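2 protein chains.
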Amino acid sequence: MLEKAVNEFAKLPGIGSKTAMRLVLHLLRQDMPAVEAFGQSVITLKREVKYCSVCHNISDTETCGICADMRRDHSTVCVVENIQDVMAIENTQQYKGVYHVLGGVISPMDGVGPSDLQIQSLVGRVAGGGIKEVILALSPTMEGDTTNFYIYRKLEDSGVRMTVIARGVAQNDELQYTDEVTLGRSIVNRVAFNGQI
Amino acid sequence: MLEKAVNEFAKLPGIGSKTAMRLVLHLLRQDMPAVEAFGQSVITLKREVKYCSVCHNISDTETCGICADMRRDHSTVCVVENIQDVMAIENTQQYKGVYHVLGGVISPMDGVGPSDLQIQSLVGRVAGGGIKEVILALSPTMEGDTTNFYIYRKLEDSGVRMTVIARGVAQNDELQYTDEVTLGRSIVNRVAFNGQI
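For the record, the sequence lines run as chains A and B.
Reminder that position 55 of the first sequence reads as 123 in this note's numbering, one-by-one numbering, no gaps.
Reminder that position 8 of the second sequence reads as 76 in this note's numbering, one-by-one numbering, no gaps.
Keep in mind the hints are simulated off the structure, nothing from the lab.
Hints are not guaranteed to be accurate.
No copy labels: a pair is met if it fits in one copy or bridges any two.
Stated by the list, open to error - Simulated pairs of lysine-lysine, DSSO-like, Cα-Cα distance not exceeding 30 Å: (1) 200 - 79; (2) 72 - 222; (3) 86 - 72; (4) 200 - 164.
The structure presented is a predicted model; accordingly, all values stated were derived computationally and were not measured.
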């Protein structure tokens, strides 16, 4: 019974069997209502969670708070891999458009093809009109690039403006330790400098 | 709803809000039976867990597997702080006696007094007869030492032999970085050497 709970925790990403044991024994020291609250919180979430019918972000309602917010720019759609990426971009407070959550990236190795992702619904959104720019904000990996290219081919005839987030040296990175591809790209894609970043 | 689940995970020791979010979103990607199995595993464990009536180790039965094992030496009792310590000592395969799980150590700072621990039941076990040696295997901390001393005073008139686990330099530790107390103790408590450790 202890083993069963530990095994369940050890299935979580980044949780080894020792940490799993520590977490389970911690829970065992809590009172019954606290343990119930913990266990039920994920079951309830999984059972009742909804996804926004427009952007596929997680949502408590049919349309998520971002898509329902009329002060945001609905003509700009930022394409991201997952919910965490929406949160990360929201945290920058630099983006006032809306999102489109793909639910992953194309990865033949992991058996993820275009039909497993919310790409067709993105094409539909663009075809529906009102969208001027699609920002591709996928991870700068081979899978991300493959997905970017696939979306590009699907949307290139739609007339929508397509952009990709800037790639370059990260804040506080040391230049000498930056990889060649990134450094090379940061020089090619240099931007005008007016005395302040 | 997402926040609720994340908050529940963030209550676990060593799990910050970012990790909690990652774990919850991982679970959200699993199917319903998997999430049910995860959530129910801890609830079931908490609801149905038993503790050994002899040594207070976690157990599926009235008496735990160690206490019920007649091939073990029931005249030697190793006093430990918690269940993890039993597992750690069992993993060494160096101990064939039985255990007594205190459920903590005396720690006035945390409001833990002797009556919160399984000390009276240890005194009772010793008074019950049949026990020749009590090994004190608590952590070498101030709280552990306080608890060791408290147990010593409670048992000194019982005639039972009391020992404490050896303290000294740890395997693979570098001597120059070992603290003075440990190094000093390792010299005072040196043991006869016959050519092999």
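Comparing the hints with the structure gives:
no.	hint	verdict
1	200 - 79	neither (43 Å within a copy, 44 Å between copies)
2	72 - 222	neither (46 Å within a copy, 38 Å between copies)
3	86 - 72	both (14 Å within a copy, 26 Å between copies)
4	200 - 164	within (14 Å within a copy, 74 Å between copies)
Against the hints set out earlier in the document, violations occur for numbers 1 and 2.
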